[in-house]
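Here the protein sequences come in this chain order: U and W. The numbering of the first sequence is the working numbering, which starts it at 1 and goes up by one. The numbering of the second sequence is the working numbering, which starts it at 1001 and goes up by one.
Be careful, since some hints might not be right.
Unchecked claim - For lysine-lysine, the following DSS-like pairs were computed, each having C-alpha atoms within a straight-line distance of at most 27 Å:
#1 Lys-229/U <-> Lys-1415/W
#2 Lys-485/U <-> Lys-1485/W
#3 Lys-1055/W <-> Lys-55/U
#4 Lys-1415/W <-> Lys-55/U
#5 Lys-138/U <-> Lys-1485/W
#6 Lys-1485/W <-> Lys-117/U
#7 Lys-1520/W <-> Lys-520/U
#8 Lys-435/U <-> Lys-1064/W
#9 Lys-1229/W <-> Lys-415/U
#10 Lys-64/U <-> Lys-205/U
#11 Lys-1205/W <-> Lys-435/U
#12 Lys-354/U <-> Lys-415/U
#13 Lys-485/U <-> Lys-1099/W
#14 Lys-59/U <-> Lys-1205/W
#15 Lys-229/U <-> Lys-1229/W
#16 Lys-117/U <-> Lys-1138/W
#17 Lys-99/U <-> Lys-1229/W
#18 Lys-435/U <-> Lys-1485/W
#19 Lys-1435/W <-> Lys-59/U
#20 Lys-506/U <-> Lys-1064/W
#21 Lys-1099/W <-> Lys-435/U
#22 Lys-1525/W <-> Lys-520/U
#23 Lys-117/U <-> Lys-1520/W
#24 Lys-520/U <-> Lys-1435/W
#25 Lys-506/U <-> Lys-1520/W
#26 Lys-1117/W <-> Lys-435/U
#27 Lys-205/U <-> Lys-287/U
#28 Lys-1311/W <-> Lys-138/U
#29 Lys-287/U <-> Lys-1138/W
#30 Lys-1205/W <-> Lys-485/U
#31 Lys-1055/W <-> Lys-415/U
#32 Lys-520/U <-> Lys-1485/W
Claimed, not checked - Short, incomplete list of chain W residues facing chain U, as computed with Cβ under 7 Å:
#33 Arg-1142
#34 Glu-1257
#35 Ala-1430
#36 Tyr-1433
#37 Arg-1443
#38 Ile-1448
#39 Tyr-1449
#40 Val-1458
Source of the hints: derived by calculation from the structure; they are not laboratory data. Computed from a predicted structure; not experimentally measured. The beta carbon of each residue, even a glycine, is placed where N, CA and C say it ideally should be.
2 protein chains.
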Amino acid sequence: MITGQNYIGNKQSAKGNKTYKTFNPQLNIENESIFVEATSEEINEAVHLASEAFKTYRKVSGEKKALFLNTIADEILALDEALIQTFCMESGLPEGRAKGERGRTVFQLRSFADLVKEGSWVEASIDTAQPEREPLPKPDLRKLLIPIGPVVVFGASNFPLAYSTAGGDTAAALAAGCPVIVKSHPMHAGTGELVASAIIKAAEKTGMPNGVFSNLNSSGIDVGTQLVKHPDVKAVGFTGSIRGGRALYDLASQRQEPIPVFAEMGSINPVIILPNALKNGSEDLAKTYAGSITLGTGQFCTNPGLLLAIKSDTLTQFISALANEIVKIEPTCMLHPNIIGAYESNKSKMVSQKGLTIVSDFENNVKTNFARQAITTVDGETFLENTHLHQEVFGPFSMVVQCEDTNQLELIISKLEGQLTGTLIADDEATNYPKLISALQNRVGRIIYNGVPTGVEVCPSMVHGGPYPASTDSRFTAVGINSIKRWVRPFSYQDWPNELLPDELKNENPLDISRLVNNKQTQNKIS
Amino acid sequence: MITGQNYIGNKQSAKGNKTYKTFNPQLNIENESIFVEATSEEINEAVHLASEAFKTYRKVSGEKKALFLNTIADEILALDEALIQTFCMESGLPEGRAKGERGRTVFQLRSFADLVKEGSWVEASIDTAQPEREPLPKPDLRKLLIPIGPVVVFGASNFPLAYSTAGGDTAAALAAGCPVIVKSHPMHAGTGELVASAIIKAAEKTGMPNGVFSNLNSSGIDVGTQLVKHPDVKAVGFTGSIRGGRALYDLASQRQEPIPVFAEMGSINPVIILPNALKNGSEDLAKTYAGSITLGTGQFCTNPGLLLAIKSDTLTQFISALANEIVKIEPTCMLHPNIIGAYESNKSKMVSQKGLTIVSDFENNVKTNFARQAITTVDGETFLENTHLHQEVFGPFSMVVQCEDTNQLELIISKLEGQLTGTLIADDEATNYPKLISALQNRVGRIIYNGVPTGVEVCPSMVHGGPYPASTDSRFTAVGINSIKRWVRPFSYQDWPNELLPDELKNENPLDISRLVNNKQTQNKIS
């Protein structure tokens, strides 16, 4: 049952008087539950509990953290229909998507559980002493990764489960040994509360300290601002708009003690179509891309908002095939009236730009909150001159840029802002474009060959992140087990007695993990 | 020969009219060479060349980068007496230190050469495709670390070689595949120019692109400011004061595209002396610490500026032993009149604080620019109340805080700012202080048992960095091979053709490196 209250550690609390409701965009009505925004006092209490919890949680063994994470996954599954229904009511997304996203969320939690249970992720490194070394003896040094402290996670509007309350950021931070305070996303506060209840249940069942997790309701920017400024908060995870992410980054970097913010933000995910790729017809490609552009009503961070190619008759044919395919797809619902409002307004602003042509705009009547997908086109010169055209239109919208030649195509790529992904559509010609591929690589975090950017596989080799503004720190990924690196710092022990070392660094290697010992990777004990 | 010119890529250049000289603090006179500060045009040219060089340098093989780094080391050694003499003339440090630091610099360069020649440092990771997976096929994903782009390095005043022109930051960035622009430290501009000439010679000999390295003279903040704001600069390394490092961090985070700054800044390196450690006399400990406090005239970042212990007769004995020992040590020269000026003024300001007692101040006449070492003491309550007492006095100065009890000691530790190191001096009692050790660990990057914090071993298990303000990002170390991680970002290839992949990710593993293949670390090929 949804209470509308915050979780301040294990306890539900609703001391505030600012309330709000979520919205069902499919039915175009408000949902019933009333959510009570966290007060300043509740925020401080959540951070205080997180700081206290950190003292013990940072030392909890990998095995126990794995049990906690797996129990969270179990408790999320146990929410069953209540969770799926709430997800759909608060997002307008279909049931299949809700279940798929739940599956992804559970998979992420279990992946991190496996990682910390195995234990080698701490990058244990040991350099043994050389007391006889000249001119100075060499001390014994041992290093491992330790958690950074309480982490604040801002849930994403577009992934109510996988990138929200118990999503990638939370799972990674809890796996690292960091308590988490979630600033719940107001558009799916009920989904958030249900997931929070699962986390709290799991924390209680597995004996985790009170404060290891809190969930704070918030309808505006005040709760998030107070959290990011709080001196006991040590890092921030965010998924959302450039404006929102940048605001948090600025707050965090202006603190007396600046803290890291990993914000995964906007991206138009350029797709480069090389000439030969279109020579044998373009219907299949058009169909594939119409699907990718409209997937999840265009609300994926990896949505292909920009297609780049060299002017030709075959390109003209591709554009009209894409236009045909996209109107064949029935419009679907966006997440919230605010999101559809922004979509329509950004789209209007974009198509009013000089030189931009609408190739296809879904013109039939569509239901309220349903997005009319659109394809536009522009020539390379105009695109280069008008950087407004480089901005994201969040939704099922894409722009085909018709370049004069390879040089212009390459120049355009090099002038793009940082992106999550870049895609190359090619026949057998890619080897002829090393500079173009190099320019693309320099602007993105992941490049795809003859595929679509949508679909972010959860695996160790995935990078979800990229040069700013795709993310605020391109040195980290937001997806996959390596995303744990955002919330840890290296720490070294010098000449520390064996019995006082953490298990990961003890001579006898009791956890049987892989370690770098005197520059050699091994699972051996130290004799 | 020192020309006083900048290196803009491989070419010497001196277009400016702002000039300055370095200073010999031992003789208290200016050195002869005249240095010409880089102009705005020269700065832009250096960044432009670095950006162009990045296009090819980022793809240079590990083997060739290793040759480049080793040749830099060779060329530095070939500078021979000219370098040693210039180092001493510009720093007031003795010849033995100059040679020791040169050895460390060469060792660092060769360590990175070994690392990139072996090649596994890129953390190659491969997840092969599963085309039959349900409900969706799994794509082939392959990841590695790639260089971030041109890096600006600010040399440290206190390490004219090891943390300056070809020091740890530069060596790590060049190893990563990033061109480097050094903002030369004005106090040792001649040393900087000589080392720069060695790097340029090595770049030319080994066929590295023009612009892979530049060295810019600068006497104030203008050159550095322009560099950090330049849109084509992608990261910054700095070693120095909190004020300087924070100013650069603020500039970098206020850019339209924020960039990472790794600044290693101030630290007072707390040393906790547990009661039993003093029970068998404290003369040896006092002697050891007098040596550590005065090492390099107290100009090491890991200088122990704060000793914490619980009030007792044995502590009183230790303090007076330390006072005796420290005046036995002959005063030595500081780096520059500005540094000795700051030392004397900060020391005066510190000893004028209410409740602080000077236990020992070197009162004999000392030579100009030579530092009078000092030991002070204060009680725990006063220290807690006055945060001015927590600040660093850069030089041979230390403060002993006499705490009421273990609780107060622990409270003081928890209230300290972030530190590079923390040290525990104990007999057989450490197991009785888990909370205290935990609090210490939470404030530092490295903890030392029964030793001194000075002396930073260059090895994989070293962490030189720590919570702010010890550094601006505790997630990285500035010393050791892992410091390369500051200048790289993960990058992934999805379904990319084998022949177009970098060697590190090709099926046949031509570099024979260790890779994570389908979650298993192996050197095997992929069949």
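Right, here's what the structure says about each hint:
no.	hint	result
1	Lys-229/U <-> Lys-1415/W	holds, 18 Å
2	Lys-485/U <-> Lys-1485/W	holds, 11 Å
3	Lys-1055/W <-> Lys-55/U	violated, 46 Å
4	Lys-1415/W <-> Lys-55/U	holds, 15 Å
5	Lys-138/U <-> Lys-1485/W	holds, 24 Å
6	Lys-1485/W <-> Lys-117/U	holds, 25 Å
7	Lys-1520/W <-> Lys-520/U	holds, 17 Å
8	Lys-435/U <-> Lys-1064/W	holds, 21 Å
9	Lys-1229/W <-> Lys-415/U	holds, 18 Å
10	Lys-64/U <-> Lys-205/U	holds, 11 Å
11	Lys-1205/W <-> Lys-435/U	holds, 26 Å
12	Lys-354/U <-> Lys-415/U	holds, 20 Å
13	Lys-485/U <-> Lys-1099/W	violated, 38 Å
14	Lys-59/U <-> Lys-1205/W	violated, 51 Å
15	Lys-229/U <-> Lys-1229/W	holds, 25 Å
16	Lys-117/U <-> Lys-1138/W	holds, 25 Å
17	Lys-99/U <-> Lys-1229/W	violated, 47 Å
18	Lys-435/U <-> Lys-1485/W	holds, 26 Å
19	Lys-1435/W <-> Lys-59/U	holds, 12 Å
20	Lys-506/U <-> Lys-1064/W	violated, 38 Å
21	Lys-1099/W <-> Lys-435/U	violated, 45 Å
22	Lys-1525/W <-> Lys-520/U	holds, 21 Å
23	Lys-117/U <-> Lys-1520/W	holds, 15 Å
24	Lys-520/U <-> Lys-1435/W	violated, 33 Å
25	Lys-506/U <-> Lys-1520/W	holds, 24 Å
26	Lys-1117/W <-> Lys-435/U	holds, 25 Å
27	Lys-205/U <-> Lys-287/U	violated, 49 Å
28	Lys-1311/W <-> Lys-138/U	violated, 33 Å
29	Lys-287/U <-> Lys-1138/W	holds, 20 Å
30	Lys-1205/W <-> Lys-485/U	violated, 38 Å
31	Lys-1055/W <-> Lys-415/U	holds, 15 Å
32	Lys-520/U <-> Lys-1485/W	holds, 19 Å
33	Arg-1142	holds, 6 Å
34	Glu-1257	holds, 5 Å
35	Ala-1430	holds, 6 Å
36	Tyr-1433	violated, 10 Å
37	Arg-1443	violated, 11 Å
38	Ile-1448	holds, 4 Å
39	Tyr-1449	holds, 5 Å
40	Val-1458	violated, 10 Å
Taken one by one, the earlier hints fail for this structure at numbers 3, 13, 14, 17, 20, 21, 24, 27, 28, 30, 36, 37 and 40, listed in ascending order.
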